[in-house]
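**Student:** Residue strings, one per chain:
There are 2 protein chains.
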Amino acid sequence: MDPMRIVEAQCEQNDSRILMLVMDGLGDLPRETDGLTPLAAARKPNLDRLAGEGACGRFDPVGPGLTPGSGPGHLGLFGYDPTEYEIGRGVLSAVGIDFPLRRGDVAARFNFCTLDPAGRITDRRAGRISTDENRRLVGLLRRIPASAGVEIHVETESEHRGVLVLRGDGLGHALADTDPQHVGVEPLPVAARDEASARTGEIVSRFVSEARQALAGEARANGLLLRGFDTLPSIPSMPERFKLRPVCVAQYPMYRGLARLVGMDVPRPPASLQALPAAVRDHMPGHDFCFLHVKYTDKAGEDGDFDRKRAVVEETDALLPALLAIGFDVVVVAADHSTPVAHKAHSWHPVPALVWAPGRVFRDLVETFTEQACVHGALGRMPLRYLLPEALACAGKVAKFGA
Amino acid sequence: MDPMRIVEAQCEQNDSRILMLVMDGLGDLPRETDGLTPLAAARKPNLDRLAGEGACGRFDPVGPGLTPGSGPGHLGLFGYDPTEYEIGRGVLSAVGIDFPLRRGDVAARFNFCTLDPAGRITDRRAGRISTDENRRLVGLLRRIPASAGVEIHVETESEHRGVLVLRGDGLGHALADTDPQHVGVEPLPVAARDEASARTGEIVSRFVSEARQALAGEARANGLLLRGFDTLPSIPSMPERFKLRPVCVAQYPMYRGLARLVGMDVPRPPASLQALPAAVRDHMPGHDFCFLHVKYTDKAGEDGDFDRKRAVVEETDALLPALLAIGFDVVVVAADHSTPVAHKAHSWHPVPALVWAPGRVFRDLVETFTEQACVHGALGRMPLRYLLPEALACAGKVAKFGA
Numbered sequence: 001m002d003p004m005r006i007v008e009a010q011c012e013q014n015d016s017r018i019l020m021l022v023m024d025g026l027g028d029l030p031r032e033t034d035g036l037t038p039l040a041a042a043r044k045p046n047l048d049r050l051a052g053e054g055a056c057g058r059f060d061p062v063g064p065g066l067t068p069g070s071g072p073g074h075l076g077l078f079g080y081d082p083t084e085y086e087i088g089r090g091v092l093s094a095v096g097i098d099f100p101l102r103r104g105d106v107a108a109r110f111n112f113c114t115l116d117p118a119g120r121i122t123d124r125r126a127g128r129i130s131t132d133e134n135r136r137l138v139g140l141l142r143r144i145p146a147s148a149g150v151e152i153h154v155e156t157e158s159e160h161r162g163v164l165v166l167r168g169d170g171l172g173h174a175l176a177d178t179d180p181q182h183v184g185v186e187p188l189p190v191a192a193r194d195e196a197s198a199r200t201g202e203i204v205s206r207f208v209s210e211a212r213q214a215l216a217g218e219a220r221a222n223g224l225l226l227r228g229f230d231t232l233p234s235i236p237s238m239p240e241r242f243k244l245r246p247v248c249v250a251q252y253p254m255y256r257g258l259a260r261l262v263g264m265d266v267p268r269p270p271a272s273l274q275a276l277p278a279a280v281r282d283h284m285p286g287h288d289f290c291f292l293h294v295k296y297t298d299k300a301g302e303d304g305d306f307d308r309k310r311a312v313v314e315e316t317d318a319l320l321p322a323l324l325a326i327g328f329d330v331v332v333v334a335a336d337h338s339t340p341v342a343h344k345a346h347s348w349h350p351v352p353a354l355v356w357a358p359g360r361v362f363r364d365l366v367e368t369f370t371e372q373a374c375v376h377g378a379l380g381r382m383p384l385r386y387l388l389p390e391a392l393a394c395a396g397k398v399a400k401f402g403a
Numbered sequence: 001m002d003p004m005r006i007v008e009a010q011c012e013q014n015d016s017r018i019l020m021l022v023m024d025g026l027g028d029l030p031r032e033t034d035g036l037t038p039l040a041a042a043r044k045p046n047l048d049r050l051a052g053e054g055a056c057g058r059f060d061p062v063g064p065g066l067t068p069g070s071g072p073g074h075l076g077l078f079g080y081d082p083t084e085y086e087i088g089r090g091v092l093s094a095v096g097i098d099f100p101l102r103r104g105d106v107a108a109r110f111n112f113c114t115l116d117p118a119g120r121i122t123d124r125r126a127g128r129i130s131t132d133e134n135r136r137l138v139g140l141l142r143r144i145p146a147s148a149g150v151e152i153h154v155e156t157e158s159e160h161r162g163v164l165v166l167r168g169d170g171l172g173h174a175l176a177d178t179d180p181q182h183v184g185v186e187p188l189p190v191a192a193r194d195e196a197s198a199r200t201g202e203i204v205s206r207f208v209s210e211a212r213q214a215l216a217g218e219a220r221a222n223g224l225l226l227r228g229f230d231t232l233p234s235i236p237s238m239p240e241r242f243k244l245r246p247v248c249v250a251q252y253p254m255y256r257g258l259a260r261l262v263g264m265d266v267p268r269p270p271a272s273l274q275a276l277p278a279a280v281r282d283h284m285p286g287h288d289f290c291f292l293h294v295k296y297t298d299k300a301g302e303d304g305d306f307d308r309k310r311a312v313v314e315e316t317d318a319l320l321p322a323l324l325a326i327g328f329d330v331v332v333v334a335a336d337h338s339t340p341v342a343h344k345a346h347s348w349h350p351v352p353a354l355v356w357a358p359g360r361v362f363r364d365l366v367e368t369f370t371e372q373a374c375v376h377g378a379l380g381r382m383p384l385r386y387l388l389p390e391a392l393a394c395a396g397k398v399a400k401f402g403a
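Line by line, the protein sequences are chains Z and W.
Here the working numbering is used: the first residue of the first sequence is 1, the next is one more, and so on.
Here the working numbering is used: the first residue of the second sequence is 1, the next is one more, and so on.
Read the hints as simulated data drawn from the structure, not as lab findings.
Careful, some of the hints might be misleading.
Stated by the list, open to error - Straight line, CA to CA, 25 Å or less: simulated BS3-like cross-link-like pairs of lysine-lysine: (1) Z/K243 x Z/K344; (2) W/K243 x W/K400; (3) Z/K299 x W/K400; (4) W/K295 x W/K344; (5) Z/K344 x W/K400; (6) Z/K299 x Z/K344; (7) W/K299 x W/K344; (8) Z/K243 x Z/K299; (9) Z/K295 x W/K295.
Please read these numbers as outputs of a predicted model, since none were measured by experiment.
Put together the whole structure using the sequences plus the hints.
**Tutor:** See below:
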C-alpha cells in the first residue's frame with residue numbers, strides 16, 4: 001500500500017506552521033564551463049543557512065524519466081500521486097484565469113488560428129495576436145447564442161489563447177482535440193470518444209462553425225483550434241487528507257487555480273515578488289500551511305537565461321529573513337520540476353529540496369543548497385509526494401502508526 | 001500507479017540511439033585486502049570517462065535482499081517489473097538453445113542422472129557427462145513415440161542438461177519438479193498441480209518411464225530429473241511499450257532468447273568479445289536501441305576468479321572507442337545482477353550503472369565507475385526497471401506528462 005494512505009489516516013491538526021516555498025522550475029543541470037547551475041552560482045546566504053541547518057534531498061515529481069507539466073509537479077508537492085489525478089489543459093487554463101469552474105462544466109483551451117480560403121490552417125497561432133485583439137474577438141464570439149440549454153462561456157487567456165467553458169446538465173468531456181498540431185490541413189472535426197459526450201460534441205461543433213462565421217471578416221484570427229477538453233477532477237482536498245488549513249500565496253493564476261483544486265484558500269495575488277512576505281504575513285492567521293509560489297525561476301529557465309535564473313534565486317533568497325520572521329516551525333524549499341536553461345523547457349530531472357525544522361529534521365552534512373549538494377543529502381531521492389509527509393512529521397502533525 | 005505506466009503512455013519514436021552495454025554479473029563486493037572490487041581494480045579509462053561525464057547510481061534488479069536469476073535481472077534492465085513476469089527455467093532453457101518455442105508449448109529443463117538398482121538417485125548430474133554423450137543419449141530418447149497427438153521434442157543443452165518440449169492442443173504447465181534436489185531418494189512422481197495439467201502430467205509420466213527403459217543400459221545416465229515446467233509468458237514487447245526498435249547483440253543463447261521474448265530483433269551471434277563492436281555497427285541500421293551483452297564478467301564471478309573478472313572489465317573497456325564511434329546519443333552501462341567472486345554465485349547487491357548523455361543527463365561528481373563511487377551518484381538507488389526511462393528521457397523519447 002502507498003504509505004500516503006497511512007499518512008492520511010494519522011494526520012492530526014495542531015498549531016505548528018509550515019511554509020512551502022516553491023521556486024518554479026528551479027532544478028537545473030551543471031553547465032559545461034564550470035559545472036555550476038543557476039542555483040549553485042547564486043549568492044544565497046539564507047537558503048544556504050536553511051540547508052546547513054536542515055536536510056536536503058532530490059525528488060522525482062512523477063517518476064524516473066518523466067517530465068511533468070505544472071499540474072503534475074504541483075500535485076506532487078501537495079502530497080498527491082500525479083499519476084492518479086490528471087488535470088486537462090482546459091481545466092488548468094480555466095482555473096488559471098480565475099474562471100469559477102463548477103463541477104460538471106466542460107472546459108477546453110482554444111487558439112485563434114489563421115485559415116486559408118480552402119479552410120486549411122496556415123498559422124496555428126494567428127500571428128500571435130495581442131491580448132487586446134483577443135479580447136475584441138472574444139466579444140464577437142460571445143454573441144453566439146446558447147445552445148440547447150447549455151451556457152457557453154468564452155474567455156481570453158492571453159495573446160492567441162482562450163478558454164471555452166460549457167455549462168449545463170449531462171455534458172461529457174471525452175472530446176478529441178480539433179488542433180491537428182500542424183499547418184496545411186483543416187482543423188479536425190469535433191469527435192466524441194464516448195456516447196455520453198456525443199451531444200456535447202454536437203454543441204461544440206455548432207459553436208465552432210458559428211465562430212467561423214463570426215470571424216469570417218478577420219484577416220488573421222478567422223478560426224479556432226480546441227484542445228484539452230476536461231472537467232473538474234474530483235480530488236480529495238488537503239484539509240480532508242492532511243487536516244491542514246492551507247493558504248496559497250501566488251502571483252500567477254494557474255498556480256492559484258491548482259491550489260484551489262486541492263482545497264487551499266486563495267486570497268488576492270500579491271503585486272510583486274517583493275510583496276510576497278507581507279502577503280504571507282497577512283494571510284497566515286487562520287492557516288497552518290502556506291504554499292508560496294515564485295514563478296520567475298521557471299520563466300528564466302524557459303528563456304535559457306542563466307544569469308536571470310541566478311538573479312531570481314538571489315532575489316528570492318533576500319525575502320527569507322522577512323518570511324522567517326513571520327514564524328514558521330517548518331520551512332520547505334522545493335520546486336515543481338526542473339527547467340534547465342540549456343533545455344529551455346521542463347525536464348525529468350529530480351528537483352532539489354530542503355526541509356528546515358530545528359530539532360525535528362535530521363540535520364545532514366549538506367551546507368549549501370545546490371543540486372549537486374542535494375545528491376548527498378539525508379532525504380535521498382524519493383517521489384515528490386513524500387516531501388510533504390516529512391514536513392508534516394517535522395511539524396508534529398502525524399500521529400504514531402500502530403501500537 | 002507505477003510511473004512505468006505513464007512512461008509507456010508518453011513514449012514516442014525518434015532517431016536518437018541508445019546503447020545499453022550489460023556486463024553480466026558485474027556487481028561485486030570490496031575484497032578484504034584492499035577494499036577493491038574487480039571493477040574498481042580494473043584499468044578502464046573509457047568507462048571512467050563515461051562515468052565522469054555522466055551520472056551514476058545503483059539499481060536493485062528485483063528488490064532489496066532478492067538475488068535475481070538471469071531472467072529477472074534482464075527484465076529489469078529492459079524496463080519490466082520482474083515480479084510481474086516469471087519466466088520458468090524450462091522456457092529460459094528452450095529459448096536459450098534457440099528452440100523455436102511457440103505459444104502453448106510446455107517446456108521443462110531436465111538433467112540426466114544416475115539411479116541405483118533400487119531407483120534411488122546417486123548422482124543428480126550423471127557424473128557431468130560430456131555434451132557429446134548427451135547428444136548420443138538424446139538420440140535414444142527421440143525414438144520414444146509421440147503420445148496422444150502431442151509432439152515430444154528432446155534437445156541437448158550442455159553436459160548433463162537438456163530440454164523437453166511438449167507441443168499440442170490443450171497442454172497445461174502446472175507440473176511439479178521431479179528433481180528432489182538431493183540424492184538417496186527416488187525421483188518424485190510427475191504431479192499435476194491443476195486439473196488442466198492432468199493429461200499433460202500423464203504424458204510426461206509415460207515419457208519418463210519410457211526414457212528409463214531407453215536408458216536402462218547406460219552406466220551413468222540412466223534416469224531423468226525434470227524441473228521448471230512452463231509455457232511462453234505473454235509479455236508486452238519493448239516496441240509496443242516504449243516505441244523502440246531494439247536489437248540484441250549477444251553471444252550466449254539465453255540472453256538472445258530473453259531479448260526475443262521482449263520483442264528485440266536478434267541477429268546471428270558474434271563470434272567473440274572482440275567482434276561485438278562490428279556486430280553492433282552492422283546491426284544498428286533500422287534500430288534505435290542496442291542491448292549489448294557481455295557474459296564473461298559473470299562467468300569469472302561464478303568461478304571466484306577476481307583477476308579474470310577484472311581482465312574482462314578491461315577487455316570490455318577497450319571495446320568502447322569502437323562502440324562510441326558508431327554514434328550513440330545515450331550510453332548506459334549496467335549489469336543484470338551482482339556475482340561477487342567471494343560468493344561464486346549471483347547475489348542480491350544492487351548493480352552499478354552509469355548513464356552517459358552529454359547535455360541531457362545530470363552530470364554528477366562521480367569520476368570513476370566503481371560500486372563505491374556509484375553510491376554517491378546522482379541516479380541514487382532505484383529499482384532497475386527505472387534505469388531505462390532515464391535513458392529514454394535522455395534520448396528525447398518521452399513526452400511531457402500533463403499540462
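**Student:** List in ascending order the numbers of the hints, as given earlier, that are violated by the structure.
**Tutor:** 1, 8, 9
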